[in-house]
Amino acid sequence: MLSIGQLVDMQWKLGMAVSSDTCRSLNSPFVSLLLKIVEPSGQICQRAFEMTIPQFQNFHRQFKEMAAVMETV
Amino acid sequence: MADVEVTKSLSGLLNGIAQMVYYNKREITEELLKNELYPEMPLEEFKALYEKMKGLIKSIATADMDHAQLEAFLTAQTKRQGGIGLSAEQAAALSRFWKSQRVRVRGSLLAQSRWEPSLRGLSWRVDLQTGDSYGNTVHRGPVALMELELGRDGQDSEFVCLEFDETKVNQVLKKMADIQESIDRIVCHT
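Protein sequence lines, in the order shown, are assigned to chains A and B. Per full-length UniProt numbering: the first sequence ends with 73, consecutive numbering throughout. Per full-length UniProt numbering: the second sequence ends with 190, consecutive numbering throughout.
Hints in this document: simulated from the structure, not taken from any laboratory. Each hint should be verified, as a subset may be incorrect.
To be verified - Sample of chain B residues at the chain A side, in silico, Cβ under 10 Å:
no.	residue
1	ALA61
2	LEU110
3	LEU119
4	LEU122
5	SER123
6	VAL172
7	LEU173
Said to hold, decoys possible - Heads up, simulated PhoX-like pairs for lysine-lysine below, C-alpha to C-alpha not over 20 Å straight-line:
no.	chain 1	residue 1	chain 2	residue 2
8	A	LYS64	B	LYS175
9	B	LYS8	B	LYS54
10	B	LYS25	B	LYS54
11	B	LYS8	B	LYS34
12	B	LYS34	B	LYS47
13	B	LYS25	B	LYS58
14	B	LYS168	A	LYS64
15	A	LYS13	B	LYS174
16	B	LYS54	B	LYS79
17	B	LYS174	A	LYS64
18	B	LYS47	B	LYS8
19	B	LYS34	B	LYS52
20	B	LYS99	B	LYS54
21	B	LYS52	B	LYS79
22	A	LYS13	A	LYS36
23	B	LYS99	B	LYS8
24	A	LYS36	B	LYS47
25	B	LYS47	B	LYS58
26	B	LYS25	A	LYS36
27	B	LYS175	A	LYS36
28	A	LYS13	B	LYS175
29	B	LYS54	B	LYS34
The structure presented is a predicted model; accordingly, all values stated were derived computationally and were not measured. By construction, the Cβ of each residue, glycine as well, lies at the ideal position given by its N, Cα and C atoms.
Using the sequences and the hints given, assemble the complete structure.
As structure tokens, this is what we get:
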């Protein structure tokens with residue numbers, strides 16, 4: 001069973017991966033999100049993840065759709 | 001071995017190395033490649049060939065060589081003296097290999113360079129609570145539930161479930177608009 005948390009805060013960072021030991025020319029932008037979540041127990045936890053630009057744009061679109069649905073109900 | 005066989009074994013070896021190094025196929029091993037592709041070659045000789053090809057693929061992949069860079073690189077390698085020089089067949093096989101695998105290898109390298117978990121999927125649902133167990137009618141605004149599927153390259157997913165009311169959704173949307181604005185400023189469009 002998954003517990004449902006509530007978002008307390010969201011921090012973001014837009015970065016550009018430039019080069020690494022395995023690839024000299026990465027040149028790939030990414031969005032990192034750090035979510036601060038309060039769990040049902042009251043405990044606060046943090047979750048971080050990264051997205052490519054297309055992944056972020058899909059995430060953004062889904063959020064907009066969700067907001068639109070909330071307005072109609 | 002006939003020429004066709006040599007070419008076949010070589011491209012099999014290059015693809016096998018890519019499977020091991022870039023595509024996380026753990027069932028492919030050096031020993032398997034030796035037995036399947038070069039059963040008659042002495043082990044020492046195979047090891048040298050394997051290491052040589054692996055090193056060359058790594059150099060090509062790390063620099064993400066385009067066609068011209070690759071040709072120049074391979075030409076230089078064929079001119080090296082002694083046992084370390086590349087044969088014409090080997091150069092041709094590497095050229096063919098890279099042409100077909102460049103995009104995929106690059107994709108794999110990009111994935112490997114991400115150290116935080118990535119967003120693998122998300123699903124959401126909007127609920128309206130209309131009553132409670134005491135028989136009361138409840139007039140609370142709609143609530144959105146969102147499940148995020150997160151995971152590191154090559155690892156199992158982890159799920160994070162969140163609940164949002166309208167205020168929270170709008171706060172997040174505002175931040176997302178800020179992110180999009182920054183992307184538009186910095187990134188030449190994707």
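Quick rundown of the hints versus the structure:
1. ALA61: holds, 7 Å
2. LEU110: Status holds, d = 5 Å.
3. LEU119: holds, 5 Å
4. LEU122: Constraint on B/LEU122 satisfied, holds at 6 Å.
5. SER123: holds, 9 Å
6. VAL172: holds, 6 Å
7. LEU173: holds, 6 Å
8. A/LYS64 / B/LYS175: holds, 12 Å
9. B/LYS8 / B/LYS54: holds, 17 Å
10. B/LYS25 / B/LYS54: With Cα atoms ~15 Å apart, B/LYS25 and B/LYS54 stay inside 20 Å; holds.
11. B/LYS8 / B/LYS34: holds, 13 Å
12. B/LYS34 / B/LYS47: With a Cα-Cα distance of about 9 Å, the restraint between B/LYS34 and B/LYS47 holds, given a limit of 20 Å.
13. B/LYS25 / B/LYS58: Holds. B/LYS25 to B/LYS58 sits at ~17 Å (cutoff 20 Å).
14. B/LYS168 / A/LYS64: Satisfied, since the Cα-Cα distance of roughly 13 Å is no more than 20 Å.
15. A/LYS13 / B/LYS174: holds, 15 Å
16. B/LYS54 / B/LYS79: holds, 19 Å
17. B/LYS174 / A/LYS64: holds, 10 Å
18. B/LYS47 / B/LYS8: holds, 18 Å
19. B/LYS34 / B/LYS52: Given pair B/LYS34, B/LYS52 holds - Cα atoms ~14 Å apart, limit 20 Å.
20. B/LYS99 / B/LYS54: holds, 16 Å
21. B/LYS52 / B/LYS79: Given pair B/LYS52, B/LYS79 holds - Cα atoms ~15 Å apart, limit 20 Å.
22. A/LYS13 / A/LYS36: holds, 15 Å
23. B/LYS99 / B/LYS8: holds, 16 Å
24. A/LYS36 / B/LYS47: Measuring from Cα to Cα gives roughly 51 Å; hence the hint is violated.
25. B/LYS47 / B/LYS58: holds, 16 Å
26. B/LYS25 / A/LYS36: Violated, at about 36 Å.
27. B/LYS175 / A/LYS36: holds, 14 Å
28. A/LYS13 / B/LYS175: Holds, at about 11 Å.
29. B/LYS54 / B/LYS34: OK: B/LYS54 and B/LYS34 at ~14 Å, within 20 Å.
Hint check: violations occur at hints 24, 26; the rest are consistent with the structure.
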